[in-house]
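Trainee: Below are the chains, spelled out letter by letter.
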Amino acid sequence: MSVFIIRRLMQSLLVVVIMSFLVFMAIYQIGDPTDLLVSPDAPQEEIERVKRDFGVDLPFHEQYFKFVGKALQGDLGNSFVMNDPALQLILQKMPATLELAFSALFLSIVLGIPLGVYAGLRHGTFSSKLIMSGSILGFSLPTFWVGLMMIMIFAVYLGWLPSTGRGETVEVLGIEVSFLTWDGLTHLFMPALNLALLKISLVIRLARAGVRETIHMDYIKFARAKGLAYRRVILLHLMKNIMIPIVTVIGLEFGGLIAFSVITETIFAWPGMGKLIIESILLLDRPMVVAYLMITVMMFIVINLLVDILYSILDPRVRLQDVKS
Amino acid sequence: MKPEATAEASAGGGIAPAPAAAKVQTPFQRFAADFLESRIAVVGLVITTIVVFIAIFAPLIAPTDPFDLAKVDVMDNLIAPGDKNFAGDFTYVLGTDGSGRDMLSAIFYGLRTSITVGVSSGLIALALGMSVGLAAAYFGGFVDTLIMRIVDIQLSFPAILIALVFMAVLGPGIDKTIMALIVAQWAYYARTVRGSALVERRKEYVEAATCLALSHRRIVFRHLLPNCLPPLIVVATVQTAHAISLEATLSFLGLGVPQTEPSLGMLIRNGFDYMHSHKYWITFFPGVALLVTIVGINLVGDQLRDILNPRLQK
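In the order they appear, the protein sequences are chains A and B.
For the first sequence, the numbering used here begins at 76 and goes up steadily by one.
For the second sequence, the numbering used here begins at 623 and goes up steadily by one.
All the given hints hold, so there is nothing to weed out.
Which residues of chain B face chain A? A few of them, derived with a C-beta cut under 7 Å, are: (1) A790; (2) S867; (3) L875; (4) I916.
In short, the hints are calculated from the structure, not lab data.
Ideal Cβ placement from N, Cα and C applies to all residues, glycine included.
For reference, chain A alone in the conformation it holds in the complex (with noise of 0.2 Å):
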């Protein structure tokens, strides 16, 4: 077990090493930022001046050793354009994110989970047809397409809810946020559903699945003619086999809900790390950039690491098979 928590462990730091290499090499190639902040008319010390103090006329490999240095010790350059640490920058931001996240995965599983075990029970009705259609658009759907048609429908014809923003924030242990308030939640509410669309979907299909699998079980069929109640052998003996694998999905799912939170962010202008990198993209800000995909690759090495340590104890299979090969 601790060989293959190691292996993983040194797999994942490999992961990082060649990452950090690949996203500085390429964010080193998007455009000098003096050409941006600097006007093309300044004398030329002021230029260069500027270049010093931001390294870039430094060759690329030692500014990529520079890089590396500072990074150990937590600090990812300053953004060129706000000129504050870019790392805190972006930790300020990640609650928003995280919230949202977080919400999302709460609609993907009371939304996913129910529908999808009635469309696997009722199997060939309307209603679950119905259901297995709306999964299918959900998959199918351009993700932000929708979001704006929300936004057009519930906000902009029905005014029912709002689109932009946070709306009114509570602090809970230093951090801002918004399902505690009700202006927090009508702002919540429409983000975290267009993120969780995908999810919804996927959630679907993986309860029915497993659904139909299990519900001709032999024990399944035992505990009904044991005489246990239909809906007792539905919540406790169905509900707790096919969680499994929802719950290893939802598990990885994470990480692709805060890559796609970028898109829901911007189009709700929802304060959090996603709409701030593509701000930062678009004003060539490095630092940032760099800074937003060093966390956004941690936190995925870290979710995968997590699941596949997981995985090992659950199934051990799983290690033995690594140790092998």
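Here the structure of chain A is known, so what remains is to put chain B in place on it, guided by the hints.
Mentor: Using the frame of chain A, we list chain B on its own:
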């Protein structure tokens, strides 16, 4: 994806010959009959054909040329769908945008850009992923481990994130969008091909070809590849729809195609600002075009998956 190409694939694959009792059918006829069984798939095929037709012949069938500045009249801006132009001699069926361009024509041209980006990135990613996947499966060992590690690592990140990073690096442009989409997609193809090639490689015909001392290249491309095609075609259909959607998303974020050659995503982005002032049509109609395109291709893909899946063969 054209069904003809698929038919050749199943012909090359030699899926179980038609039963003797049945009327003698060529593989293509059998394939076509299978495909036409599902009415909804036929609808998908018709939609896809129309969309591709519009994309190819956009300059011929569009009522106006939205990029000819001489013909676009700023007086005609923000006209609602169905209203006449300023001069009163032309009806804008889907209205006009902020600079007076006819939305219907803009959508036709936008489809052209979207389809071009989606299909070309899909095809190149297919070629790339296929070669890499075949190499991994055929040579095995270290090559396989290395390639599949890279594929695994890449697939653990969502495609949109990878495309986003590349667009951030490359900057906007049609060719750059295509490049970013290739990078974001090749791994799906590589994994699919490797999976089916690993199964096929163990079969007798490959062993026979090896005994005949045929070259690696010939075995891989003439024997192994045709038999790996069915699942690949399904993935290619679905991925093309996915690529079109990804491109629209990137362009919507302002990181995709340039303003001068707007794709559907770009048109939607342009309409976003007008949406709050109840000018819905600039965002709505390009979105509908995008939606219809994606759903059409997906319907075809779903049916292809059903008929090309050997486990479901009658």
